[in-house]
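Protein chains in written order, with this note's numbering: chain D, 8 to 469; chain Y, 95 to 543.
Please keep in mind that the hints were generated in silico from the structure rather than gathered at the bench. Keep in mind it's a predicted model, so treat the numbers as computed, not measured. Where a beta carbon is used, it is the ideal one built from N, C-alpha and C, also for glycine. One thing to keep in mind: the hints can contain errors.
[Unchecked claim] One-sided and incomplete, this derived list gives chain Y residues near chain D with beta-carbon spacing under 10 Å: (1) Thr130; (2) Arg134; (3) Asn135; (4) Val136; (5) Ser151; (6) Thr174; (7) Gly201; (8) Gly203; (9) Glu205; (10) Asp234; (11) Gly235; (12) Lys250; (13) Gly271; (14) Ile309; (15) Arg386.
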Amino acid sequence: MSLMNNLSTSMISSSSSAFLAPTSFNASRTRSVSVPLKSLNIVKCVSTPQEQQTAYKTKVSRNANIAKLQAGYLFPEVARRRAAHLLKYPNAQVISLGIGDTTEPIPDVITSAMAKKSHALSTLEGYSGYGAEQGEKAVRAALASTFYGNLGIEEDDIFVSDGAKCDISRLQVVFGSNVTMAVQDPSYPAYVDSSVIMGQTGQFQKDVEKYANIEYMRCTPENGFFPDLSTVARTDIIFFCSPNNPTGAAATREQLTQLVQFAKDNGSIIVYDSAYALYMSDENPRSIFEIPGAKEVAIETASFSKYAGFTGVRLGWTVVPKQLLFSDGFPVAKDFNRIVCTCFNGASNISQAGGLACLSPEGLQAMQEVIGFYKENTKIIVETFNSLGFKVYGGQNAPYVWVHFPGRNSWDVFSEILEKTHIVTTPGSGFGPGGEGFIRVSAFGHRENVLEACRRFKQLYN
Amino acid sequence: MYKLSACSSMPCGISLPPKIVLGSLRVHKQGNGRCTNVPRNVNLEKLQNNYLFPEISKRELQHMEKYPNAKVISLGIGDTTEPIPEQISLSMANYAHALSTAEGYRGYGAEQGNQALRKAIAETFYKGVAIKDTEVFVSDGSQCDISRLQLLLGSKVTIAVQDPSFPAYIDSSVIIGQAGDFQDKTGRYQNIEYMQLGPQNNFFPDLTITPRTDIIFFCSPNNPTGHAATRKQLQQLVEFARDNGSIIIFDSAYATYISDDSPKSIFEIPGAKEVAIEISSFSKFAGFTGVRLGWTVVPEELLFSGGFPVIHDFNRIVCTCFNGASNIAQAGGLACLSPEGFQAIRAVIDYYKENARILVDTFASLGLEVYGGVNAPYVWVHFPGSKSWNVFAEILEKTHIITVPGSGFGPGGAEYIRISAFGRREHIIEASWRLEKLFSKGKSPLLTV
Chain D
8 MSLMNNLSTS MISSSSSAFL APTSFNASRT RSVSVPLKSL NIVKCVSTPQ
58 EQQTAYKTKV SRNANIAKLQ AGYLFPEVAR RRAAHLLKYP NAQVISLGIG
108 DTTEPIPDVI TSAMAKKSHA LSTLEGYSGY GAEQGEKAVR AALASTFYGN
158 LGIEEDDIFV SDGAKCDISR LQVVFGSNVT MAVQDPSYPA YVDSSVIMGQ
208 TGQFQKDVEK YANIEYMRCT PENGFFPDLS TVARTDIIFF CSPNNPTGAA
258 ATREQLTQLV QFAKDNGSII VYDSAYALYM SDENPRSIFE IPGAKEVAIE
308 TASFSKYAGF TGVRLGWTVV PKQLLFSDGF PVAKDFNRIV CTCFNGASNI
358 SQAGGLACLS PEGLQAMQEV IGFYKENTKI IVETFNSLGF KVYGGQNAPY
408 VWVHFPGRNS WDVFSEILEK THIVTTPGSG FGPGGEGFIR VSAFGHRENV
458 LEACRRFKQL YN
Chain Y
95 MYKLSACSSM PCGISLPPKI VLGSLRVHKQ GNGRCTNVPR NVNLEKLQNN
145 YLFPEISKRE LQHMEKYPNA KVISLGIGDT TEPIPEQISL SMANYAHALS
195 TAEGYRGYGA EQGNQALRKA IAETFYKGVA IKDTEVFVSD GSQCDISRLQ
245 LLLGSKVTIA VQDPSFPAYI DSSVIIGQAG DFQDKTGRYQ NIEYMQLGPQ
295 NNFFPDLTIT PRTDIIFFCS PNNPTGHAAT RKQLQQLVEF ARDNGSIIIF
345 DSAYATYISD DSPKSIFEIP GAKEVAIEIS SFSKFAGFTG VRLGWTVVPE
395 ELLFSGGFPV IHDFNRIVCT CFNGASNIAQ AGGLACLSPE GFQAIRAVID
445 YYKENARILV DTFASLGLEV YGGVNAPYVW VHFPGSKSWN VFAEILEKTH
495 IITVPGSGFG PGGAEYIRIS AFGRREHIIE ASWRLEKLFS KGKSPLLTV
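Produce the complete structure using the sequences and hints provided.
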């Protein structure tokens, strides 16, 4: 099957990137051709499907960084597998505990505000065009007071966005290709993938399943899912997500103090992903800025996605403190602002109206109820796997349950679960080599689906 | 390459050379500031000024502080002013309400966009030219898409831009590392090819003297000159790209403002699918400047030199660096493309076009060289021998009207002013009246003709 056919088929299914997993890619090769890489004395084999032999080609070289990526982005691949499974079993009641997609309706108080803004756009008084690229003043102020009230983070340190995933890439554009980065292993794939795209990494090393030039900070049950910083090499940037996706681990105050000190000692910048902060049950910091000195070493990114069910509405924010400086003293916020003004044009004004409503007392309460609902789902899933004798992690401070399948290949476990119970999960190795042997079960779903899924798990594993 | 220095936890001295150019970012001395050891991205250091439009906003604010009672009229930033037609905002409101129901709730959408919307875009704008819905990628606007395309292409490609042109092409190119250093003498970045546009060449570059670059940014109808390339000109451009193995990034954001039979899409030109990407937007089409919605077309036939389909990599960028346009905005987009929605939007576009006509008449009647305003909502006025920032300042000071100085769009804009036609009719008329007062009877030293 040619590359083009492969491409069209996968394009038809929803939200899938053409997945080039080793096996399917090999299957689609019709011919291997050696092509000299520009300015290097290496030849690289590329696939040239038959029909493209005669097809017109431009003379523009493919971006070598993108060529380093091993496969499609993780979640479209999970979606693709789900779609393929549905084709195979059209009558199956597939339950999705894979992609962390929210399922419960958005509280009225929030959607009413968005509807109101929509209507207002049809009136002379209510119409607004371009907004400030950094976000509406009222939203920035509300974020500052709600989440950073007594932490000395001000309204103008906050940049409203269309979500954390987009912000991660914008931050990479700010940093450029000449910085090194560290990630937790396992971690949310966008950190590594955006780093590869940006040109910060070397090639993927198949034997260790890591990209050269990225420092992978192993997080395991043995180290309480907090890296042993004494073994971590210095990098310019450190991505740190807490509560963690996928392990669910939440770093303690002591651990974060260590992390901030580590960054200070090394002159590094922490990019702290706090997207799940409101899922915290324990008394751990919700913001990196709760740690003294963090303003001089950290950026924090966050999102309304998992708080308000805004996964489709698209709204998030990034905090870049004024005190954060590059080595020459230039404020990072000034460069971030330049990127925001040039590579972005503001989050949708309707989404921002929704965000403002989220931060009203009524909105905050409504969000807490939805979060509580997903937390109860998490509890049910944790109890199920515990009762089946599995070693279970997470689920206490995040809507993810991290289940250990010692000695097993996680894509195999994923496939087995999908085949035998029609439940979609996420294989741990999709989050890095440190995720091998684990499965991530996400707790977003209608209660009856979560209960039904747990019944099926019990059937499979009893 | 970053230097390993002992700077990590020591207070840092600032030793940046001060930038004296307009609107430059000033570094405040941080007495007790502690810097990290992370080097600043050298590409960002190469940017000369603030992005153009925030700088215009800044000037507007300064002016309003200086003259708190002045009735400032903004014909600067091309920001739409007329309300969105009701059926469109209603569909967005309904969609928002539905998100509160079990049946109507939606989470993550496809990163490439809602299927129905992709289909509607393909059918509405690419009817006769066989662009598939799977080649349409819905976004949160062209400014964002331009940067995502730069991420796709990487730092090692060369670009050409029209001169003058929308500043995001150049700025994003500098940011990604393609552009080389800025040369003060010429006002150009070293590695960028600037294709001069002017009355002398009918605002279409002389391709016989244009060196090959990998990428050619081409905006038509043009921001800021207003010129819409003819079919013949675009055929030349496609042939040029084909001969050179280049990729055209065709910005058709103003296509719906075309009055004559100039092509509305690059794909109207045979062979374009193998050499071009097209970007477009709902901003100026539907007043969605704040709602945020646009799209990019990447044909399946477009291949990198090794035969790899560009669409595959763009899809990867969209899935990794983006998470889809807001579903509410997309619902609005779908309503825009319904027959009634489209008709209502046409009326708003015609309103702005009438504004443009009034402005063109005003300047023409004053004996000034005026271009554009027929196929685009921008009027491009020539003040020979002048410096555009001075003209901008004079107009602002004497008439309280914000415009945009042509040099903000590149050295080719040096003697020009861009006036945008977005605004309430009464403001356009008032602005015309003030401009007549300023420029008639040779009052202004800028009027050398």
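Cross-check of the supplied hints:
Taking 10 Å as the C-beta cut-off, the interface hint given for threonine 130 of chain Y holds, the closest approach to chain D being about 5 Å. Nearest Cβ of chain D to the Cβ of arginine 134 of chain Y: about 4 Å, under the 10 Å cut. The hint holds. This hint holds: asparagine 135 of chain Y has a C-beta 3 Å from the nearest C-beta of chain D, less than the 10 Å allowed. Taking 10 Å as the C-beta contact cut-off toward chain D, the hint placing valine 136 of chain Y at the interface holds, the least distance being around 7 Å.
A least Cβ separation of about 9 Å between serine 151 of chain Y and chain D falls short of the 10 Å threshold, and the interface hint therefore holds. With 10 Å as the threshold, the beta carbon of threonine 174 of chain Y comes within range of chain D, its nearest partner Cβ sitting at about 5 Å, so the hint holds. The beta carbon of glycine 201 of chain Y is positioned within 10 Å of a beta carbon in chain D (closest approach about 4 Å), and the interface hint is therefore held. The beta carbon of glycine 203 of chain Y is positioned within 10 Å of a beta carbon in chain D (closest approach about 5 Å), and the interface hint is therefore held.
Checking glutamate 205 of chain Y against chain D by beta carbon gives a least distance of about 6 Å; that is within 10 Å, so the hint holds. Below 10 Å, beta-carbon pairs count as interface contacts, and aspartate 234 of chain Y has one with chain D at about 6 Å; its hint therefore holds. Interface hint at glycine 235 of chain Y: satisfied, since its Cβ lies 5 Å from the closest Cβ of chain D, which is below the 10 Å cut-off. For the restraint placing lysine 250 of chain Y at the interface with chain D, the shortest Cβ-Cβ distance is roughly 7 Å, inside the 10 Å limit, so the hint holds.
Interface restraint check: glycine 271 of chain Y against chain D, minimum CB-CB distance 7 Å, threshold 10 Å, status holds. Taken as an interface hint, isoleucine 309 of chain Y checks out: its beta carbon lies about 7 Å from the nearest beta carbon of chain D, inside 10 Å. Because the smallest distance between the Cβ of arginine 386 of chain Y and any Cβ of chain D comes to about 4 Å, under 10 Å, the interface hint for this residue holds.
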